[in-house]
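If you're matching them up, the sequences are chains A and B in order.
For the first sequence, our numbering begins at 1 and goes up steadily by one.
For the second sequence, our numbering begins at 1 and goes up steadily by one.
The set of hints was computed from the structure by calculation and includes no laboratory data.
Remember, predicted model here, so these are calculated numbers, not experimental data.
Misleading hints may appear alongside valid ones.
Repeated chains share a single entry, so a pair holds when one copy, or any two copies, can fit it.
[To be verified] Within a straight-line C-alpha distance of at most 16 Å, the following computed EDC-like cross-link-like pairs (lysine to aspartate or glutamate) qualify:
(1) K16 <-> D142
(2) K204 <-> D49
(3) K158 <-> D101
(4) K45 <-> E111
(5) K255 <-> E111
(6) K222 <-> E20
(7) K120 <-> E248
2 protein chains.
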Amino acid sequence: MKIIESWQEVQALSLKWKKEGLKVAFVPTMGALHEGHLTLLREGKRLGDKLILSIYVNPKQFGPNEDLSKYPRTKEADFKLAEDCNVDVIFYPSDKAIYPDGYQTNIEVTETTKGLCGEKRPGHFRGVTTVVLKLFNIVQPDVAIFGEKDFQQLVVIKTMVRDLNLPIKIVGLPTVRGPDGLAMSSRNRYLSKDERQAALSISKSLQVAKEMVKSGEADFAKIIAAVTKTINSTNLLKIDYIKICDPETLVELTKIKPSARILIAAFAGKTRLIDNYEL
Amino acid sequence: MKIIESWQEVQALSLKWKKEGLKVAFVPTMGALHEGHLTLLREGKRLGDKLILSIYVNPKQFGPNEDLSKYPRTKEADFKLAEDCNVDVIFYPSDKAIYPDGYQTNIEVTETTKGLCGEKRPGHFRGVTTVVLKLFNIVQPDVAIFGEKDFQQLVVIKTMVRDLNLPIKIVGLPTVRGPDGLAMSSRNRYLSKDERQAALSISKSLQVAKEMVKSGEADFAKIIAAVTKTINSTNLLKIDYIKICDPETLVELTKIKPSARILIAAFAGKTRLIDNYEL
């Protein structure tokens with residue numbers, strides 16, 4: 001496994017591999033790797049001849065009052081986990097390499113970024129699409145793998161790839177959960193014991209919604225009321241949003257359609273958690 | 001020479017060529033080809049093993065009161081000229097292929113687009129960078145060739161390519177002029193005989209600026225006054241801007257530095273003409 005800081009070197013290596021007819025798979029991350037990431041890496045290894053992992057905490061996708069400075073950085077552990085997943089290259093760039101002096105280009109996806117986290121975290125998705133496009137251009141992957149936990153991010157990236165005619169297949173994998181149902185997230189490390197316990201209500205509430213739809217409930221107001229009640233059963237969570245949306249456009253739905261998605265964001269203390277289910 | 005309307009087909013062909021080790025050169029145009037474009041094509045043939053020309057009048061780079069609908073379209077003549085330049089593929093897409101329903105992604109270059117035409121034509125460069133990035137992703141060129149007549153466009157595209165880590169070499173070629181000095185432009189077709197005669201003052205005025213710098217003049221206010229006077233010697237031109245700028249950042253200069261660039265935009269009737277010189 002090679003650890004490369006220079007984007008020029010990663011790009012040259014990937015272009016060389018592709019000329020040799022090898023298929024390049026890519027998993028972009030912010031590090032603090034957990035089982036969710038490892039699932040993406042294992043799928044990457046299966047889909048590509050070569051597997052590139054990037055670890056970069058992208059300042060452009062954090063708001064001014066968000067957790068950029070305290071975002072978990074676990075470099076040595078990440079490298080070990082990556083090696084166990086047979087990663088071929090870790091791209092591990094500096095801020096200076098990604099955003100050199102005079103940097104001035106942004107990617108804007110205007111519609112799928114409008115609601116949900118896009119509304120609550122202004123500028124977040126501009127930061128995501130900008131860095132992901134840069135990473136795609138550096139890594140030149142044939143396939144890139146993302147988790148469905150960040151469902152809006154996955155939709156926004158699919159939108160960008162389609163709109164910009166990129167020859168890259170985007171694969172989304174189901175959210176990996178702990179045995180108690182909590183969606184894996186690097187931010188779970190922030191949670192106190194009590195907060196972690198409370199956070200279980202999020203996946204529980206999604207399960208409630210799913211059961212209601214299964215048993216024929218079609219009134220979205222009733223579903224969202226039940227989800228709200230489940231989450232508010234603990235007083236340690238603060239709901240940021242609960243929405244049921246079209247899975248491709250993320251437009252809010254008023255009645256059920258196949259693969260409708262329920263999406264939630266909630267604060268446990270200062271930690272913002274997100275989760276979603278297909279209904 | 002193949003004429004291809006499908007972007008998927010062009011992309012697949014270019015990727016195949018690149019896997020075979022061939023170098024792909026690209027000249028993006030809006031058609032209405034003239035000697036300036038042909039110079040780019042000849043250089044493309046020299047620089048690449050395969051040469052792709054795109055002809056697409058991009059609606060996103062025209063303002064609401066600009067000349068989109070009357071922009072010259074000379075398809076048959078263009079195809080003939082391209083064939084004479086040994087173009088391998090003309091990419092000739094429809095609006096629907098470039099901006100399908102649900103299209104929603106824009107590229108913003110924030111600094112080099114600020115002044116000059118960027119200030120006078122709001123949204124113009126967002127349209128240019130968006131379509132050029134799409135065309136780059138479709139055509140997958142190793143090298144792309146642009147004319148210096150659209151000097152700000154060339155700088156903006158170089159900025160985008162650098163910022164987005166694209167593995168594409170951008171080549172700028174000197175403006176091609178008629179024997180009377182007028183910069184070649186598809187929009188020259190709009191000019192009446194009198195307007196065309198008046199338009200000669202633009203290149204003449206740039207020549208005046210160059211001579212002044214050569215003979216040691218360092219006061220930019222004096223140079224711009226002389227340029228203004230030359231252009232206003234005919235009453236058929238209306239100055240849009242005259243600026244002396246850094247050739248890389250396009251920041252306005254107050255004193256001379258190597259390769260400082262003087263840039264002009266002026267209206268001849270309804271026709272907006274631009275030109276520029278290295279001082």
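Here is how each hint holds up against the structure:
no.	hint	result
1	K16 <-> D142	both (13 Å within a copy, 14 Å between copies)
2	K204 <-> D49	neither (39 Å within a copy, 60 Å between copies)
3	K158 <-> D101	between (29 Å within a copy, 15 Å between copies)
4	K45 <-> E111	neither (33 Å within a copy, 40 Å between copies)
5	K255 <-> E111	neither (21 Å within a copy, 45 Å between copies)
6	K222 <-> E20	neither (56 Å within a copy, 59 Å between copies)
7	K120 <-> E248	neither (20 Å within a copy, 37 Å between copies)
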